[in-house]
Amino acid sequence: MHDFQVSVAQSPPFTLITLSGELDVLTVPALREQVAPLLARPATRILFDLERLRFIDSAGMRVLIDACVRNPPKDGDGAVCGMSPQMRHLFSLLGLSSRLTMYPTRADALRRPAAEPPGTAHMN
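Residues 1 to 124 in UniProt numbering are what the sequence shown spells out, letter by letter.
If you are wondering where the hints come from, they were derived from the structure by calculation, not from laboratory data.
There are no misleading hints in this set.
Label-pair ranges, simulated between beta-carbon atoms:
#, residue 1, residue 2, range
1, Pro104, Pro13, 11 to 21 Å
2, Gln10, Thr105, 12 to 22 Å
3, Leu26, Arg112, 33 to 43 Å
4, Pro12, Leu93, 31 to 41 Å
5, Gln10, Ala30, 11 to 21 Å
6, His89, Pro37, 25 to 35 Å
All values derive from a computational prediction rather than experimental measurement.
Note that the Cβ used here is the ideal one computed from N, Cα and C, for glycine as well.
Build the full structure now, drawing on both the sequences and the hints.
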């Protein structure tokens with residue numbers, strides 16, 4: 001059962017994308033549809049809130065990576081927050097924790113909104 005949901009809201013300085021359910025090869029198109037127009041805008045800072053995301057496969061991770069680490073880099077590239085310990089471990093094993101800005105919670109991300117270099121981790 002794929003109960004994936006995506007919502008987009010403005011939470012300055014970020015465009016907040018909240019994901020819930022399972023992000024996999026079958027649900028990735030729904031996320032790409034929401035993210036593509038945001039990436040076309042200059043200096044859009046995206047924050048993916050993954051607190052309610054139960055599962056992510058390699059296709060889903062690719063969308064997050066592409067959105068957060070752009071080529072060429074744009075001012076204030078994206079960040080992720082609310083990852084489960086298992087998801088943080090997976091991102092670390094894949095070497096992604098050094099490429100993505102990660103925050104423990106949405107509140108932490110909003111308290112530290114200044115642009116930070118990729119790889120900044122705030123997982124105290």
